[in-house]
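Listed in order, the protein sequences are those of chains P and Y.
Residue numbering for the first sequence is 61 to 326, as defined by our numbering.
Residue numbering for the second sequence is 61 to 326, as defined by our numbering.
A few of these clues could be false.
[To be verified] One side only, chain Y facing chain P, incomplete, derived with CB under 7 angstroms:
#: 1; residue: T68
#: 2; residue: I78
#: 3; residue: A81
#: 4; residue: I101
#: 5; residue: F103
#: 6; residue: P112
#: 7; residue: I120
#: 8; residue: A121
#: 9; residue: N122
#: 10; residue: A124
[Unchecked claim] 25 angstroms max Cα-Cα, derived SDA-like pairs, lysine to any residue:
#: 11; chain 1: Y; residue 1: K82; chain 2: P; residue 2: E67
#: 12; chain 1: Y; residue 1: K82; chain 2: P; residue 2: D65
#: 13; chain 1: Y; residue 1: K188; chain 2: Y; residue 2: I250
#: 14; chain 1: Y; residue 1: K287; chain 2: P; residue 2: K82
#: 15; chain 1: P; residue 1: K82; chain 2: Y; residue 2: G66
[To be verified] A few chain P positions that, by computed beta-carbon distances, are all more than 10 angstroms from chain Y:
#: 16; residue: S144
#: 17; residue: V185
#: 18; residue: S213
#: 19; residue: A245
#: 20; residue: R263
#: 21; residue: P326
Think of the hints as simulated: they come from the structure by calculation, not from any bench.
Here the structure is a predicted model, which is why all the values come from computation and not from measurement.
We put the beta carbon where it would ideally sit given N, CA and C, even for glycine.
Spelled out, the chains give:
There are 2 protein chains.
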Amino acid sequence: MKRIDGETRIVAILGDPIAQAKSPELFNALFECHATNAVLIPFHVPPLQLGPVLDGLRGIANLAGVVVTVPHKFAAAAYAASLSAPARQTGGVNCLRREADGTWSGAMFDGIGFVNGLVACGQTVRDKSVLLVGSGGAGTAVAHALVDAGVASIDLDDASESSLARLEDALRSRSTATSVRRGVAAAQPIHDLIVNATPCGMRDGDPAPIDLTDASPHAVVADLIMKPEQTPLLKAAKARGLTVHLGRHLLESSVETMAAFLRLVP
Amino acid sequence: MKRIDGETRIVAILGDPIAQAKSPELFNALFECHATNAVLIPFHVPPLQLGPVLDGLRGIANLAGVVVTVPHKFAAAAYAASLSAPARQTGGVNCLRREADGTWSGAMFDGIGFVNGLVACGQTVRDKSVLLVGSGGAGTAVAHALVDAGVASIDLDDASESSLARLEDALRSRSTATSVRRGVAAAQPIHDLIVNATPCGMRDGDPAPIDLTDASPHAVVADLIMKPEQTPLLKAAKARGLTVHLGRHLLESSVETMAAFLRLVP
Chain P
61 MKRIDGETRI VAILGDPIAQ AKSPELFNAL FECHATNAVL IPFHVPPLQL
111 GPVLDGLRGI ANLAGVVVTV PHKFAAAAYA ASLSAPARQT GGVNCLRREA
161 DGTWSGAMFD GIGFVNGLVA CGQTVRDKSV LLVGSGGAGT AVAHALVDAG
211 VASIDLDDAS ESSLARLEDA LRSRSTATSV RRGVAAAQPI HDLIVNATPC
261 GMRDGDPAPI DLTDASPHAV VADLIMKPEQ TPLLKAAKAR GLTVHLGRHL
311 LESSVETMAA FLRLVP
Chain Y
61 MKRIDGETRI VAILGDPIAQ AKSPELFNAL FECHATNAVL IPFHVPPLQL
111 GPVLDGLRGI ANLAGVVVTV PHKFAAAAYA ASLSAPARQT GGVNCLRREA
161 DGTWSGAMFD GIGFVNGLVA CGQTVRDKSV LLVGSGGAGT AVAHALVDAG
211 VASIDLDDAS ESSLARLEDA LRSRSTATSV RRGVAAAQPI HDLIVNATPC
261 GMRDGDPAPI DLTDASPHAV VADLIMKPEQ TPLLKAAKAR GLTVHLGRHL
311 LESSVETMAA FLRLVP
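If we strip away everything but chain P, and leave its shape as in the complex, we get (with noise of 0.2 angstroms):
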């Protein structure tokens, strides 16, 4: 890794915890890489203590932006001056840029990195037929990315009614080409794409969060959640002989992305 000196430009991750966090050594390959004078650094942030950390960061000439982590993605959105139009749908911010004047522009780079992460591995997106569980911040932001790239439908789960409903009257709102239909728990034979945007297989002795009984021999199964890597949905994937597709493609695919946004690589 490249020296820090007093002309580094910073940038902080915060999320409480903190010690999984990837972007640290993501982040900092990518500096490396573009020859760039910047470093990212964790800071363990208790819900709390955000919004004064938050306050207290505008102050620091050299501070490039923060990269917001779980449980601060919805509470961080609050503190910015200005949002993307993704950070809009979600209500979320997974970036905040220092401006020159100490505001914040927030930004959520989640869902754009999802597709993008299927990209990379080989996988059309367009015109595919979706079954997305989970209609939280995860599962919005991937929700709308989806329909930006001209998936041909999704079909929602979620426990939660009233986050399901949301998700699907905003994901109607857009009035795009994309179907949506809610209350669709399983896998269905249709379904090109299966992704779980569930806490469901963080820990252990979870069970898989969606019935792959039905599920396509063709399908490719997603799961949001990068640790632990293979959960219980991407196992019984396998098991099935399915392609699965891991958590932490999206972090990988959006990071470039993030970068750039916080004008620290071109």
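Go by the hints and put chain Y onto chain P.
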């Protein structure tokens, strides 16, 4: 340099400007040497932002503390819940440790760093006669540390009469064996150690701040200025064949002390 990951602990150096700071290289080399998973990064903080930045940094659980440099050493002391003896004596801090409850413990290592730097370079301090020009923050820290180290006498001078009187009073009130005189502006044959603690020499065209005409050929001439390394005073001393002592030794000698205070090295 070692890789930064989600478990890396953070130290920031706060200054304005900050591009010239040597602390990142020195601290990060020390952390590498001790296999400590920590990194020091530069934060460029304008004076008006110091309060909000320090308040914000209190909320970052993996922040070990901050190193404080020009122009924040005095202002930062006001944010400390407790102060070390040298910090109280000088009224300033160059290090704030973040305690688990989010409060700051302040310390000032400039004085002991200067004395330790002299010793590391083979000089003795005890029982020596000193001429110290400059009674601001740096001069005050060095004066108290020289008294702690048992110098025989300190002759003081400064363009600011009030600052000079304050330092003289403070040194006398410690009722040590050290003799203190003020208003001695030029080197005398009695002086074993001649120290510039004024900013004179930082800018191109600055004159030497101390007249060395009558200096002893055995005198050691020290400058606290780090940049340029070869100040007008040190050039004049060299021209006279005197031993010179560079500003950077102060920082080099206090890095390990500060890292230990921040509980990052044994």
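Here is how each hint holds up against the structure:
1. Interface hint at Y:T68: satisfied, since its Cβ lies 6 angstroms from the closest Cβ of chain P, which is below the 7 angstroms cut-off.
2. Hint status for Y:I78: holds, given a least beta-carbon distance of 5 angstroms to chain P, under 7 angstroms.
3. Interface restraint check for Y:A81: the shortest CB-CB distance to chain P comes to about 4 angstroms, inside 7 angstroms, so the restraint holds.
4. Taken as an interface hint, Y:I101 checks out: its beta carbon lies about 6 angstroms from the nearest beta carbon of chain P, inside 7 angstroms.
5. Satisfaction of the interface hint for Y:F103 is found here, the shortest Cβ-Cβ separation to chain P being roughly 5 angstroms, below the 7 angstroms cut-off.
6. Annotation: Y:P112 was flagged as interfacial toward chain P, and the flag holds, the nearest CB pair being 5 angstroms apart, inside 7 angstroms.
7. Taking 7 angstroms as the C-beta contact cut-off toward chain P, the hint placing Y:I120 at the interface holds, the least distance being around 5 angstroms.
8. Among the interface hints, the one on Y:A121 holds; its C-beta lies about 4 angstroms from the nearest C-beta in chain P, closer than the 7 angstroms criterion.
9. The interface hint given for Y:N122 holds, since its Cβ lies 4 angstroms from the closest Cβ of chain P, which is under the 7 angstroms cut-off.
10. The closest approach between the C-beta of Y:A124 and any C-beta of chain P is roughly 12 angstroms, which is over the 7 angstroms cut-off, so the hint fails.
11. For a cut-off of 25 angstroms, the pair hint linking Y:K82 to P:E67 stands: about 10 angstroms separates their Cα positions.
12. Distance hint between Y:K82 and P:D65 is fulfilled; the C-alpha atoms sit about 7 angstroms from each other, no more than 25 angstroms.
13. A hinted pair counts as satisfied when its Cα atoms are at most 25 angstroms apart, and Y:K188 with Y:I250 qualifies at roughly 9 angstroms.
14. Taken as a hint, the Y:K287 and P:K82 pair is broken in the structure, with Cα atoms around 38 angstroms apart against an allowance of 25 angstroms.
15. Of the supplied pair hints, the one linking P:K82 and Y:G66 holds, its CA atoms being roughly 7 angstroms apart against a limit of 25 angstroms.
16. The beta carbon of P:S144 is kept farther than 10 angstroms from every beta carbon of chain Y, the shortest such distance being approximately 24 angstroms.
17. No beta-carbon of chain Y is positioned within 10 angstroms of the beta-carbon of P:V185; the least distance is around 30 angstroms.
18. Taking the minimum C-beta to C-beta distance to chain Y, about 38 angstroms, the non-interface status of P:S213 holds against the 10 angstroms cut.
19. The claim that P:A245 is not at the interface with chain Y holds, since no C-beta of that chain comes within 10 angstroms of its own (minimum 34 angstroms).
20. In this structure P:R263 is separated from chain Y by more than 10 angstroms, as the shortest Cβ-Cβ distance comes to about 19 angstroms.
21. For P:P326, the condition that its CB be more than 10 angstroms from all CB atoms of chain Y holds, with the nearest at approximately 23 angstroms.
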